[in-house]
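K.L.:
Sequences listed follow chains A and B, in order.
The first sequence begins at 1 in the working numbering and counts up one residue at a time.
The second sequence begins at 1 in the working numbering and counts up one residue at a time.
Just so you know, the hints here were simulated from the structure itself, not pulled from any lab data.
Remember, predicted model here, so these are calculated numbers, not experimental data.
Hints are not guaranteed to be accurate.
[Said to hold, decoys possible] With a cut-off of at most 27 angstroms between alpha-carbon atoms, the simulated DSSO-like pairs for lysine-lysine come out as follows:
id	chain 1	residue 1	chain 2	residue 2
1	A	57	B	100
2	A	44	B	70
3	B	70	B	57
4	B	57	A	57
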Amino acid sequence: NAGVTQTPKFRILKIGQSMTLQCAQDMNHNYMYWYRQDPGMGLKLIYYSVGAGITDKGEVPNGYNVSRSTTEDFPLRLELAAPSQTSVYFCASGLAGAREQYFGPGTRLTVT
Amino acid sequence: TQLLEQSPQFLSIQEGENLTVYCNSSSVFSSLQWYRQEPGEGPVLLVTVVTGGEVKKLKRLTFQFGDARKDSSLHITAAQPGDTGLYLCAGGILTGGGNKLTFGTGTQLKVEL
Numbered sequence: 001n002a003g004v005t006q007t008p009k010f011r012i013l014k015i016g017q018s019m020t021l022q023c024a025q026d027m028n029h030n031y032m033y034w035y036r037q038d039p040g041m042g043l044k045l046i047y048y049s050v051g052a053g054i055t056d057k058g059e060v061p062n063g064y065n066v067s068r069s070t071t072e073d074f075p076l077r078l079e080l081a082a083p084s085q086t087s088v089y090f091c092a093s094g095l096a097g098a099r100e101q102y103f104g105p106g107t108r109l110t111v112t
Numbered sequence: 001t002q003l004l005e006q007s008p009q010f011l012s013i014q015e016g017e018n019l020t021v022y023c024n025s026s027s028v029f030s031s032l033q034w035y036r037q038e039p040g041e042g043p044v045l046l047v048t049v050v051t052g053g054e055v056k057k058l059k060r061l062t063f064q065f066g067d068a069r070k071d072s073s074l075h076i077t078a079a080q081p082g083d084t085g086l087y088l089c090a091g092g093i094l095t096g097g098g099n100k101l102t103f104g105t106g107t108q109l110k111v112e113l
């Protein structure tokens, strides 16, 4: 099993551009999460999904959108990128009812 | 908003020393997790504690959950260079949306020869 995979690993965007961060898991996990990690700030939850077709906002959802058309994939869309979205983005997944979350390797995004 | 504060923020020690990292909150959590993160990688789960006062050991690492389930500590005995990394605590609340985690700000540990 590959676990949780994320692409791209690095990306530089200009202000106002859009992009999609890809996340996939092959563990048949129901729950998937998107976090951002800023220096000295820990990880903050952006969006989460409890299954295909169901998504909900986390702590910091503004400026982002998600969709979940399959159990495996949970892409994160950035519209009109802003410098405040410069961060490292992590996708995670977990089984329903379980406390454990499994993280991908992250995408480092810079908006200039 | 639930907050988790970790201390110290940075720790640089010599191989063989002992250390303790603290994770404190004013909120009650149903569980507390500790993760370790290396540069360029995602956090990796070390342990989950769920009962107030619970103590778990993982080789040289000892984790404790506070009696009131608001705080936790991580103690490393005889630290080794391989222990170097960012240690994150995360308080969890189980909801219909899964285990909602609130992460601490992290403790960057460097163990030198």
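K.L.:
Hints first: check each against the structure and report whether it holds.
P.N.:
Status of each hint after checking the structure:
1. A/57 with B/100: holds, 12 angstroms
2. A/44 with B/70: holds, 19 angstroms
3. B/70 with B/57: Status holds; Cα separation ~19 angstroms.
4. B/57 with A/57: violated, 35 angstroms
Comparing the model with each earlier hint shows a violation of hint 4 alone; every other hint is respected.
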